[in-house]
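Enquirer: Based on these hints, arrange chains F, X and V with the ligands on the given structure of chain H.
Listed in order, the protein sequences are those of chains H, F, X and V. The opening position of the first sequence corresponds to residue 1 in my numbering, with each subsequent residue numbered one higher. The opening position of the second sequence corresponds to residue 128 in my numbering, with each subsequent residue numbered one higher. The opening position of the third sequence corresponds to residue 260 in my numbering, with each subsequent residue numbered one higher. The opening position of the fourth sequence corresponds to residue 492 in my numbering, with each subsequent residue numbered one higher.
Hints in this document: simulated from the structure, not taken from any laboratory. Hints are supplied without guarantee of correctness; some may be wrong.
Stated by the list, open to error - Below are the DMTMM-like pairs computed for lysine to aspartate or glutamate, each with C-alpha atoms no more than 20 Å apart in a straight line: (1) V/Lys817 x X/Asp398; (2) V/Lys817 x V/Glu832; (3) X/Lys402 x V/Asp823; (4) V/Lys799 x V/Asp823; (5) X/Lys402 x V/Asp815; (6) V/Lys817 x X/Asp304; (7) V/Lys949 x X/Asp294; (8) V/Lys949 x X/Asp398; (9) V/Lys949 x X/Asp399; (10) V/Lys979 x V/Glu931; (11) V/Lys799 x X/Asp287; (12) V/Lys949 x X/Glu302; (13) X/Lys402 x V/Asp633.
All values reported here derive from a predicted model rather than from experimental measurement.
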Amino acid sequence: MLLFRYRAREGMLAWAFHRISGVAIWLFVVVHVVDIYLVGGDPKAYNTILQVYASPGGRIAEVLLGAALLYHALNGLRILIIDLWPAMTVYHRALWYASWVIFVAVGIPGAFIILRPVIGPALGIGA
Amino acid sequence: MVTIDPRTAGRARPQGSGFELFVWYVMRITGVMLFVLALAHFSILHFLFDPSQESATWIATQRWNSLIWRVFDWTLLMTVLFHSFMGVRTVVIDYVHGERPRLLLMSALYIVGLVLFVAGTSVVLTLPDKVL
Amino acid sequence: MQVTLRIQRFDPEHDSAPRWQEYRVDADPMARVLDLLHLVKWEQDASLTFRRSCGHGICGSDAMLINGRNRLACKIRVDQLGRRISVAPLPGLPVVKDLVVDMDGFFAKYRSVRPYLINDQPPPVRERRQLPQERAVFDDTTKCILCGACTSSCPSFWARSEYVGPAAIVNAHRFIFDSRDEGAAERLAILSDRDGVWRCRTIFNCVDACPRGINITRAILEVSAAIVERTT
Amino acid sequence: MLDSGPVIHEFDAVIVGAGGAGLYAALELARDGVPTAVISKLYPTRSHTGAAQGGICAALGNQEEDHWEWHMFDTVKGGDYLVDQDAAEILAREAIETVIELEHLGLPFNRTPDGRIDQRRFGGHTRNFGEAPVRRACYAADRTGHMILQTLYQQCIKHGVRFFDEYHVVDLLVEDGLSRGVVAYRLADGALHVFRSKAVLLATGGFGRMFRITSNAHTLTGDGLALAYRRGVPLEDMEFYQFHPTGLAGLGVLLSEAARGEGGILLNGKGERFMERYAPTLLDLAPRDVVSRAIYQEIRAGRGVDGKDYVWLDVHHLGRAVIDEKLPDITDFARIYQGVEPYTQPVGIQPTAHYAMGGVPTDVTARVVIDERNTPLPGLYAAGECACVSVHGANRLGTNSLLDILVFGRRAGRDMARFARSTELPELPAGDPAERVRGELDALRSRQEGEPPARIRKELADVMMDDVSVFRTEETLRRAQGVVRELKERYHRVRVQDGGVRFNQDLLEVREVGYLLDIAEVTVAAALARQESRGAHYREDYPARDDTNWLKHSLASRSDGGPLLRYKPVTITRFTPKPRTY
Ligand SMILES: Cc1cc2nc3c(=O)[nH]c(=O)nc-3n(C[C@H](O)[C@H](O)[C@H](O)COP(=O)(O)OP(=O)(O)OC[C@H]3O[C@@H](n4cnc5c(N)ncnc54)[C@H](O)[C@@H]3O)c2cc1C
Ligand code: HEM
Ligand code: SF4
Ligand code: F3S
Ligand code: FES
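Extracted from the complex, chain H is given alone in its bound form:
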């Protein structure tokens, strides 16, 4: 497949991640609307699902979801900036790196908060 034969640079990676994260979040949204529907239809089942969210595996999945959302949101913003202001095309790489800086700055603490119940005891911080 051509996508793998071409040596990607920043712009292409940014797009590939954007697309992958977009589709991943979409899949989650589909599931999520269904589970919200259960709140009304079958609250018990819903509560069980919430258990899954709260489990260690669920928390890791949430971190991944959050990462996808955060990346997609930041890069989406980058695309919007470039769209609205075509002169910014010159700085598209810088903007991408900037979005990674924010991603790390926000994402690491965020992941920590979500994972605290899982990794907290191991680190001795408590849940």
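Expert: For chains F, X and V with the ligands alone, kept in the frame of chain H given last:
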């Protein structure tokens, strides 16, 4: 010798319906909205609260007891549905070739979108009364 | 220095699929890939087929996939690539033979955007006036040599070959923003169709590939903006 | 394979070559409603017209007073008075309307602050018959030729011209003194196509590939000249070939005159500013032929860089601002092709084979003429670098070639339209019109043993560069004559390695070597005969210009014993020959 009308040399003029422009535009508007709504939603449910504290009752009594939050979540739902389904539509146009498979997939996509729209809306509208 | 050149070969009369062939050549580090191809063709294997003409980056004949990126063979040196160099035809276009691809579709898309001045007013006796700042608006897009490096590097184009592609949009831009031209509405209508500008996902492969240094994405976005402005 | 019969097309006009000359003619015909085909061995936008940077001259007077008479004078003097002055007058007069029309067609010229076409200075163009430099060159950044080529191609698309891209014309159909069409080989599938046509225009460009170091494209192999020559048309003034002083060492890629115009200087291997010795007043800005000769003398005296065959062009003292703004192409080329940084380092340069003043003889309506009395060959036209009108005489001025291809390309188109309306479609020669070329191509293809063509091509380029370039003597020319004859002999045993039919470039390249050999032979013969020095033709054994015996054009026709030389007078109307000093 065929005479060629200079103005049509090359590709015939395609019929732009304006739909693509509409999608492009709304993708961007919903994108901005989602930047606020989706990130806020995620932060509230994961950073302010934690799934371990949440339950169906909690949602019905705490979160959706005020109109503001219902409006918020309903807006989020609409925005995300439009944005993500139109996003996936782009992906389908890109990778699914052939008229029939594409038509099938697109129809499925739109139907699922519609179902989710109805389901989601009904939950947001009716949920608190049901649970209480 | 010794260079290993891997070339994707395809002989339509004998091969059912492209195959890779390796050649060892003794090359000056300052030599260009085009020189290496000539070395192979003139000294080892005369059947190796590729297009080239000017030899210095102005005719657009020899765009190809070199070490995984689209470039002009006459504009990239051995010392920029290393001892192992792979050369393949432009991706996403039908291969005719070896490194030669079928460019007819590419040119048809170029023609589809009305790439010529449209102005039905009778011209004045002398030149039409155009201020330097009016000309500056489309200066960048007049540089295009129609090499195809951009369009064939674009993942949107690979995914959907109906996409009109960056090169055609660049050439539409060149006229849409020319103060002497009156065909902008017509071109914008063409470009706002499903396979027009909206297929661009701002991937920037085109900009990285363009041997003329054209800011293609910017041109595309300016065209999108013009469509938005006109319709809303 | 090649056995199926040829495909036959019928057009009122057929144009061979899609450079500036061919496209302007095609546009003129299409606007006139004449069914026209353009056949080109390259996609039109790949033509070498696109490589021209400097500009195109016309006495518009947008920047300062200027008159077409001044332009005409400069052209005549620049050509060392071998110019046909009736043609030069047309060139200088029609330059103005041609450039204005280009603007109307959409060409994005650089502009003056009030929006008119901007003009700048260029070597050899002067005010008031040689008084001082004048701003006459119209330009579009450093890509004037590119913009001309694009604009004309775009207009041809607009007007529905039929293009046959990647078709090599391999034969002209001339019978009983009448042009009847051409035979072309379609690269994609190896099929032969016969184009039956009332009028045929040759616009195939130059043949710099005859020399080792050249600014010309790999595909400039003199096809049009050789094909006409093989069909009995003489070639005019072939001894005049221009070498541009500043080609990138080893490659020949052109560095524009602007480098020296802005103050760049030439240095030899010892770091001496050698032009002080050759042209004490004009120094590095002396005319192209003078500077090229000076560089060659330094090299021959062992003062090239490291004793090699190149010298330095130094611009570093101009400062980054000037270099960036005024000389972008030079910095670009030097960085890419030599890995040199012109801000701080000198660039290696050597004279590079650049432009053919000679070619297929034509009259001022671009009709091909076949003898001293200018008898036309009905239906056959030539324009552009492959033609010789002659507006360049013994040496072309910068910017005059783009002008030539357009003015006479346009005239060709007009006269072809007139001719096409006045005549019937000619009969094709009886039998299979493609038979002759088919035989030649099949012979090449079927030969199992033989020498690879690359070697012959290389030896030809070497001998032409070493013995028939800037300096010539009886001795070097005789030597070259021997070598070319031997190469022609060997060419009969050359072998094509690629036996396929689809996109068989190998086959066509072998054919191109054959064209080069034919015209190299003519060049050498004409140079050997001309016992004087004039413009680009410099004979060390006859260093002076000799108007008494040699103020005449040479015409070389093909014969079994080699080229046969005849001469025709130069047309002189306004300016009588004077010594050429600057
Ligand atoms: C680097 C460079 C810079 C220059 N700068 C300037 C300048 O600043 N100003 C100026 O006035 N002049 C300049 N010149 C000279 C000028 O550009 C050329 O002389 C001129 O462009 C020639 O145009 P043409 O139309 O005759 O041929 P070309 O543009 O060379 O076109 C030849 C055409 O013939 C076709 N062809 C050839 N053989 C065949 C065949 N067998 N069958 C079918 N088709 C064939 C080719 O495909 C091509 O389309 C420059 C030249 C060079 C090399
Ligand atoms: C949070 C803020 C978000 C922003 C700012 C944003 C922005 C964008 C933008 C600008 C695009 C268009 C990209 C392009 O045209 O190249 C896009 C595409 C897309 N978005 Fe979002 N988005 C956000 C959230 C989401 C969410 C929550 C989802 C999923 C539920 C999503 C799914 C998609 C998909 C599937 C695409 C199509 C991807 C593609 O075409 O490559 N987005 N987004
Ligand atoms: S825009 Fe650049 S890459 Fe694309 S065809 Fe033109 S010159 Fe080539
Ligand atoms: S690579 Fe393709 S997606 Fe747009 S920015 Fe360039 S055209
Ligand atoms: S050969 Fe002309 S661009 Fe490379």
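Enquirer: Decide, hint by hint, whether the structure agrees.
Expert: Structure-based check of each hint:
no. : hint                : result
1   : V/Lys817 x X/Asp398 : 16 Å, holds
2   : V/Lys817 x V/Glu832 : 16 Å, holds
3   : X/Lys402 x V/Asp823 : 15 Å, holds
4   : V/Lys799 x V/Asp823 : 24 Å, violated
5   : X/Lys402 x V/Asp815 : 18 Å, holds
6   : V/Lys817 x X/Asp304 : 43 Å, violated
7   : V/Lys949 x X/Asp294 : 14 Å, holds
8   : V/Lys949 x X/Asp398 : 40 Å, violated
9   : V/Lys949 x X/Asp399 : 39 Å, violated
10  : V/Lys979 x V/Glu931 : 15 Å, holds
11  : V/Lys799 x X/Asp287 : 17 Å, holds
12  : V/Lys949 x X/Glu302 : 12 Å, holds
13  : X/Lys402 x V/Asp633 : 10 Å, holds
The structure shown violates the earlier hints numbered 4, 6, 8, 9.
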